[in-house]
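**Q** Kindly produce the complete structure, drawing on both the sequences and the hints.
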Amino acid sequence: MLSPASGTGQFFTKSVKIIRFVRQGCTNRPFFHIVVTEKRRDQFMPVIEQLGTYDPMPNQHNEKLVSLNYERIRHWIGNGATVSQPVEQLFGMSGFFPIHPTSYLAAWRNRRVLQEEALKEAEDKSKDKTV
Amino acid sequence: MTLLRHISQKLLINNIKTDTRYKINNTCVACVRLLNYTPKEYDTKTDPAPLFFNKEVQSLLKSLTRVEVAKVFKKRKLGEKRLGDPEFKFMTQEQLDVKLKKAQQKAEELLQIPPVLAVHAQKNKVYSQDPALQGLESSRFVFTDITFGVKDLDRLIVVRELDGTLKDAEWELRNRVNHVYFPRSGRSLKPPRVFEDGYLEDLLNRREYEFVLDLACSQFEPNEKDYQRVTSIVFQHLSDNDGFDLLRSTRHFGGLVFFLVWNKSIDNLLLDLIESSHVDEANKLMELYGKIHKLNYEFDGKLKAVRQFIEKDSTKRGALELAVQAYEELQKQKEQLESGIKAAHGIL
Numbered sequence: 001m002l003s004p005a006s007g008t009g010q011f012f013t014k015s016v017k018i019i020r021f022v023r024q025g026c027t028n029r030p031f032f033h034i035v036v037t038e039k040r041r042d043q044f045m046p047v048i049e050q051l052g053t054y055d056p057m058p059n060q061h062n063e064k065l066v067s068l069n070y071e072r073i074r075h076w077i078g079n080g081a082t083v084s085q086p087v088e089q090l091f092g093m094s095g096f097f098p099i100h101p102t103s104y105l106a107a108w109r110n111r112r113v114l115q116e117e118a119l120k121e122a123e124d125k126s127k128d129k130t131v
Numbered sequence: 001m002t003l004l005r006h007i008s009q010k011l012l013i014n015n016i017k018t019d020t021r022y023k024i025n026n027t028c029v030a031c032v033r034l035l036n037y038t039p040k041e042y043d044t045k046t047d048p049a050p051l052f053f054n055k056e057v058q059s060l061l062k063s064l065t066r067v068e069v070a071k072v073f074k075k076r077k078l079g080e081k082r083l084g085d086p087e088f089k090f091m092t093q094e095q096l097d098v099k100l101k102k103a104q105q106k107a108e109e110l111l112q113i114p115p116v117l118a119v120h121a122q123k124n125k126v127y128s129q130d131p132a133l134q135g136l137e138s139s140r141f142v143f144t145d146i147t148f149g150v151k152d153l154d155r156l157i158v159v160r161e162l163d164g165t166l167k168d169a170e171w172e173l174r175n176r177v178n179h180v181y182f183p184r185s186g187r188s189l190k191p192p193r194v195f196e197d198g199y200l201e202d203l204l205n206r207r208e209y210e211f212v213l214d215l216a217c218s219q220f221e222p223n224e225k226d227y228q229r230v231t232s233i234v235f236q237h238l239s240d241n242d243g244f245d246l247l248r249s250t251r252h253f254g255g256l257v258f259f260l261v262w263n264k265s266i267d268n269l270l271l272d273l274i275e276s277s278h279v280d281e282a283n284k285l286m287e288l289y290g291k292i293h294k295l296n297y298e299f300d301g302k303l304k305a306v307r308q309f310i311e312k313d314s315t316k317r318g319a320l321e322l323a324v325q326a327y328e329e330l331q332k333q334k335e336q337l338e339s340g341i342k343a344a345h346g347i348l
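These protein sequence lines are chains A and B, in that order. Just so you know, we're using this note's numbering here: the first sequence kicks off at 1 and counts up by one. Just so you know, we're using this note's numbering here: the second sequence kicks off at 1 and counts up by one.
I should point out that these hints are in silico values taken from the structure, not numbers from a laboratory. Small disclaimer: the values here were computed from a predicted structure and weren't measured. Incorrect hints may appear among the rest.
[To be verified] With a straight-line Cα cutoff of 35 Å, these simulated DSBU-like cross-link-like pairs (lysine-lysine) come out: (1) Lys64/A <-> Lys125/B; (2) Lys64/A <-> Lys123/B; (3) Lys284/B <-> Lys106/B; (4) Lys151/B <-> Lys39/A; (5) Lys62/B <-> Lys99/B; (6) Lys39/A <-> Lys167/B; (7) Lys64/A <-> Lys190/B; (8) Lys17/A <-> Lys151/B; (9) Lys167/B <-> Lys64/A; (10) Lys64/A <-> Lys151/B; (11) Lys64/A <-> Lys225/B; (12) Lys167/B <-> Lys17/A; (13) Lys264/B <-> Lys55/B.
**A** Set out below in structure tokens:
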């Protein structure tokens, strides 16, 4: 029988727990559940509890929707659950954790690429004018 | 002759058609709104809530609603829901009394007046500003707290903007996101197009006031700007077109009266009450008006207060005076008739 996406609530007391993404959705349409599960379990095995969702595809208003059950997240972190890096980044963005260093790095890289592109365009334009 | 009439009618229609086309092409005319009512929201400077929830005001509004049980339980437009066949039962008087009491309780529930509140202020708390996050994302993030048992109003919904600021979501977004995660029946993610000007005008011209107000009630919160825009336009249209009877014995009549009193435009309602010789209700309306605008009227069980209102505060003086005169003449004639009958019977 399929276990519910909201979780089975069954776990070993002394096992290592982790708060992580589970990819739901389908081909070309990612959608993530944020769940707490045992670290040694596979991504698609039954989870302990679902803690939220993350829709990485922007909607028509150009927003990415994230829902987080802060009460349960606090509970599981208090019980010693670790948090995977992508989820840590998301928590950082939400103001629940400090901003993850990789977010700053990625932002900096993106800005640099944009600057380079802008410079290139300006150069191309000036070249066109001289020719 | 008929041929001539037909041709002239066609000509007229063509003329109208070209006229409208001309108007649409002309940008100056096209920018004029079709519905020429300006929405009147309750602003936060003068909050109507304390006055509206006042017990005396509530009882006045309820008595002005003029409840008819048959009208409260009339057939409604329920869409796909079908009513079952009616059931007929034999009952003793006691059983009947119990049933009637239950029906009255239900009617009271159905006639709860939607609360009148000021439009809510914008939430704009900024939690953090981090310009170093610029360029990380190309769309903004909306974070919603879905903790169990939190009310829609208190739910924490924050937005990470493209420039790295983390701040509270605006109301429009809050409503949308609340509906995504906690949908309510009777509400849709996008407000129905009924509330857009063109469609709304059509509905108002068909006098579907109750339908629009019911829909607005289920779609919006009472302190939303959109709700107050729609209801204020409906109320103004209704008052100008004498549709008061359509809203009597519905939950919206109290809101209508409060709106008219608040905006000092009760003349049409008063005229309607006097013409239908509901003097006690006219007096109650004057009492309400005095209470909300802090004016003192003298009540004598007849039309004294109304007279004072007509002299000082009315905008439709002529019509109201005529109506009062007509009412008094009618009263006099009735008295004469009664005394005549008594004389004929030799009572005197």
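**Q** Taking the hints in turn, state whether each one holds.
**A** Structure-based check of all given hints:
no.: 1; hint: Lys64/A <-> Lys125/B; in the structure: holds (20 Å)
no.: 2; hint: Lys64/A <-> Lys123/B; in the structure: holds (20 Å)
no.: 3; hint: Lys284/B <-> Lys106/B; in the structure: holds (25 Å)
no.: 4; hint: Lys151/B <-> Lys39/A; in the structure: holds (34 Å)
no.: 5; hint: Lys62/B <-> Lys99/B; in the structure: holds (22 Å)
no.: 6; hint: Lys39/A <-> Lys167/B; in the structure: holds (34 Å)
no.: 7; hint: Lys64/A <-> Lys190/B; in the structure: holds (18 Å)
no.: 8; hint: Lys17/A <-> Lys151/B; in the structure: holds (30 Å)
no.: 9; hint: Lys167/B <-> Lys64/A; in the structure: holds (15 Å)
no.: 10; hint: Lys64/A <-> Lys151/B; in the structure: holds (23 Å)
no.: 11; hint: Lys64/A <-> Lys225/B; in the structure: holds (26 Å)
no.: 12; hint: Lys167/B <-> Lys17/A; in the structure: holds (31 Å)
no.: 13; hint: Lys264/B <-> Lys55/B; in the structure: holds (21 Å)
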